[in-house]
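Construct all of the structure, not just a fragment, from the sequences and the given hints.
Take 54 as the starting number for the sequence shown in the numbering used here and just add one per residue.
When the alpha-carbon atoms are kept at most 27 Å apart in a straight line, the in silico DSS-like pairs for lysine-lysine are as follows: (1) Lys-114 with Lys-138; (2) Lys-114 with Lys-135; (3) Lys-135 with Lys-109; (4) Lys-114 with Lys-161; (5) Lys-138 with Lys-155; (6) Lys-174 with Lys-160; (7) Lys-155 with Lys-114; (8) Lys-161 with Lys-135; (9) Lys-138 with Lys-174; (10) Lys-138 with Lys-109; (11) Lys-155 with Lys-131; (12) Lys-135 with Lys-155; (13) Lys-161 with Lys-174; (14) Lys-109 with Lys-126; (15) Lys-55 with Lys-131; (16) Lys-55 with Lys-89; (17) Lys-114 with Lys-163; (18) Lys-163 with Lys-138; (19) Lys-160 with Lys-135; (20) Lys-109 with Lys-155; (21) Lys-163 with Lys-89; (22) Lys-161 with Lys-109; (23) Lys-55 with Lys-135; (24) Lys-161 with Lys-126; (25) Lys-126 with Lys-174; (26) Lys-109 with Lys-89; (27) Lys-55 with Lys-138; (28) Lys-163 with Lys-131; (29) Lys-163 with Lys-135; (30) Lys-104 with Lys-161; (31) Lys-155 with Lys-55; (32) Lys-160 with Lys-104.
Hints listed in this document are in silico derivations from the structure and should not be mistaken for laboratory results.
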Amino acid sequence: MKFNGIEIGQNLTELPTELISEFYDKEDKSQNADIKNGWILTSNGIQYVLKNGIVKMIRVKENGITKLNGFDKVYVEKLIGKPNKISNDSITWVWDNVVYAKVHHYKKRKTKIHFSTENGKVCELEIE
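See the structure below:
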């Protein structure tokens, strides 16, 4: 699965610079666009987690998943089956409000889908 044309295992030097909003290394926000370990947040709500310059995880926040907007757990389970595990989490995105979510873990797909406890809709997607 690709987001902005980028997928897991890909070198992030291929990400168009006009999409990049912020860079974070292991310590904090960075002005350095050449981050090898840390994460990059794009202007359309997609975060790429990097290790040695390679995408290891993609996190998509609510406004970055408009194609999934309105999906609830019943619909998602019809599409990809029941999760292996469900846990609770609180999601913070830099300066955004905290969102409380039920996280559905899909081990086979290396995917976590976060459903808001407020409205039951998908609010974040993690792919490893």
